[in-house]
Structure formats: C-alpha cells, structure tokens
Amino acid sequence: MNTGKISVRYSSALYSIAKERGEEDSVYEQMHALSEAFFHTPGMSAALSNPMYSDADKLQLLRTAIGAGLTETVDQFFLFVVKKERLEFMPFMSMMYQEIYRKDKNIILSKVITARELKPETLKELREKVSKTTGKQVVMYDETNEDLIGGFVLELNNLRYDASVKASLEKIESKLIGK
Amino acid sequence: MSDIKPSEVYDILKQQLAGMESTARMEEVGKVLQVKDGVAIIFGLDNVQANELIEFENGMMGVVMNLEEDNVGAVLFGPSENIKEGFSVKRTGRIASVMAGDGLLGRVVDTLGNPIDGKGPIQGQLYEMP
Chain A
149 MNTGKISVRY SSALYSIAKE RGEEDSVYEQ MHALSEAFFH TPGMSAALSN
199 PMYSDADKLQ LLRTAIGAGL TETVDQFFLF VVKKERLEFM PFMSMMYQEI
249 YRKDKNIILS KVITARELKP ETLKELREKV SKTTGKQVVM YDETNEDLIG
299 GFVLELNNLR YDASVKASLE KIESKLIGK
Chain B
17 MSDIKPSEVY DILKQQLAGM ESTARMEEVG KVLQVKDGVA IIFGLDNVQA
67 NELIEFENGM MGVVMNLEED NVGAVLFGPS ENIKEGFSVK RTGRIASVMA
117 GDGLLGRVVD TLGNPIDGKG PIQGQLYEMP
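Protein chains in written order, with this note's numbering: chain A, 149 to 327; chain B, 17 to 146.
Chain A on its own, in the form it takes in the complex (with noise of 0.2 Å):
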C-alpha cells in the first residue's frame, strides 16, 4: 500500500496551486476542518472507501464536513482526486496538507490541557515561551480537563509532555503493583 505516497504527491500538489492562488491560509482551515471531521466521525473514513456509496454521496459528504468555508480550490481537488478514484486517501491528504503548510510558514501547533481554564494572560506568556523556545510561530490551543487533577498537557506538534498530577498518579501506582 503506497498510502505515504500518494497522499504526499496529492498533498503537495493542492499546496503548490494553493500557493500560487494565494489561498493556502484558507485551504488549511478547510483541512484542518476535514481531518477534524475524519476523527470526530465514526466511519467517516471508512465509508470514503465502501463501493456501496455512489461518487456522488462520498463528495458530498466531504463537502458537508467542510461547510460553508468550502472554497472553488478544495472542491476542485475534490473533484479530481474522485476522478482519480484516491478517495480512501483523503484523511492522509487532510494531515499532510497541514503538514506541509505548517513546515512552509514555520509553524509549530501546539495545545495546553489544564485541570481548570487558563487565564488569556497566562496562555500568551505560554505561548510566548514555547516561541522562543522553539524558535517558531506557536499556534496554540487550550482545553481543559478536569482528569488531570492538576498540572498541565503540553503537546507541540507530535509530541506530548504531560506533567499532570494524573500522570504522577499512574507512574506511582505501576510502580507499587510492579507493572
């Protein structure tokens, strides 16, 4: 299965047209909007690729994901990529989208959990920081989550630190039954 593949060239091709039409901030919106879709529905993906559904159906349903956001750009791509018969890849495409756009603007995503909301003062001097750190554009998201206990979450891009008062839990509790 060469989904690596053909979900890069695909992507880098809709990033290149993008670019050229001075529309790769809104075709990110608009991927990151699917791949938000592709997580948060059960089956989503799955039913790009059931021959049950007709072409038709499949595009709509992508299309519907997106919402009114959807621009002539991404439906195109769409569209290309049905006559293309690529559908089944799209949730890697989605990713790889922002991948690559995040990589070109050097931009770093990043999300803090916390056990109760952060103060907007708190999240900038955060942010703040993690851009000096990294030496990037920090694009930075909160969420709370009262599990945690305390502490906090701090995922940048595919890695995760997590100093919870949970996760200090869970290390003391393998350690005593020896997991």
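Source of the hints: derived by calculation from the structure; they are not laboratory data. Think of the CB as a built atom: it goes at the ideal place given N, C-alpha and C, for glycine as much as any other residue. A hint or two may mislead.
Under the rule of at most 30 Å between Cα atoms (straight-line distance), these lysine-lysine pairs were calculated in the DSBU-like manner [claimed, not checked]: (1) A/Lys272 - A/Lys284; (2) A/Lys323 - B/Lys100; (3) B/Lys52 - A/Lys232; (4) B/Lys47 - A/Lys323; (5) B/Lys21 - A/Lys272; (6) A/Lys153 - B/Lys52.
Covered by chain A, per the in silico footprint, the following chain B stretches (three or more residues, Cβ under 8 Å) [what the hints assert, rightly or not]: (7) 44-53; (8) 56-67; (9) 76-86; (10) 101-113.
Not the full set, but computed from the structure, chain A residues with beta-carbon under 8 Å of chain B [what the hints assert, rightly or not]: (11) Gly152; (12) Ser155; (13) Val156; (14) Met244; (15) Ile248; (16) Arg308.
We have chain A already, so just place chain B on it with the hints.
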C-alpha cells in the same frame, strides 16, 4: 490486632518507590486515522521503529508493522472496537518481545506474555526473545 505505625508504612512505600522517575518526559505521540480488521493506521510517530510496541490512550497495546512516509500501520493486541479514530497513541521505545523460560510450561499467557490463568507470575529465569 497490632497497631500499624505510620513510619513502617512510610518505609515500605519509600522502598517500593525507590528509583522511580518522578520528572515528566517528552513523549512522541500520534493519532489514529483508521481502524479496521485489527489494524490501526496512525498519523505521526515519525521516529517509531518496526516491531516497536505502542500504547493507545485507553491502555491497549499494539505493534508497529508497516512504516510509510506519513503514517504507520499497527496490529492491535485487543478488539478493534475499543480503538476509535482520533485516539492518541504513544511510543513505548520497546521492541515487541516475549519472555521465555521453563516457567512458561503449562501456563496460559496473553499476546504480551502476561499470565492470564490466575496462577500468579511466571516463575524461574526468563530470557527476552528475540
């Protein structure tokens, strides 16, 4: 019933927790893109090795079998129904192996070599294979 002194409990806990790494470390994580037929396709995990064990956010384990440019394929050590798209998964740094030795004779173990027959831990000297 004899009184349990707090200092005794403290000493036992201290002994049990000796050598435990208390500081957090950076972990490499990925996200599940697709799951079907006992295989999960994961985006991320750029530096994962072939046959490395990975851990899903619900505690289930898997082993990396397929390394592609933008994703990895992993065989699940449990039912596919328990893994959903969007689940995060992290590297363990350990290559899949089993502990082998005479103590395994007559025992029932799971895919990771953990005893599941209710007869306690595997006894005797064990060797990591491969």
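Going down the list of hints, with the structure as the test:
no.: 1; hint: A/Lys272 - A/Lys284; verdict: holds (15 Å)
no.: 2; hint: A/Lys323 - B/Lys100; verdict: holds (29 Å)
no.: 3; hint: B/Lys52 - A/Lys232; verdict: holds (24 Å)
no.: 4; hint: B/Lys47 - A/Lys323; verdict: holds (27 Å)
no.: 5; hint: B/Lys21 - A/Lys272; verdict: violated (49 Å)
no.: 6; hint: A/Lys153 - B/Lys52; verdict: holds (21 Å)
no.: 7; hint: 44-53; verdict: holds (count 7)
no.: 8; hint: 56-67; verdict: holds (count 5)
no.: 9; hint: 76-86; verdict: holds (count 4)
no.: 10; hint: 101-113; verdict: holds (count 4)
no.: 11; hint: Gly152; verdict: holds (3 Å)
no.: 12; hint: Ser155; verdict: holds (5 Å)
no.: 13; hint: Val156; verdict: holds (6 Å)
no.: 14; hint: Met244; verdict: holds (5 Å)
no.: 15; hint: Ile248; verdict: violated (10 Å)
no.: 16; hint: Arg308; verdict: holds (5 Å)
Hints 5 and 15 from the earlier list are contradicted by this structure; the remaining hints agree with it.
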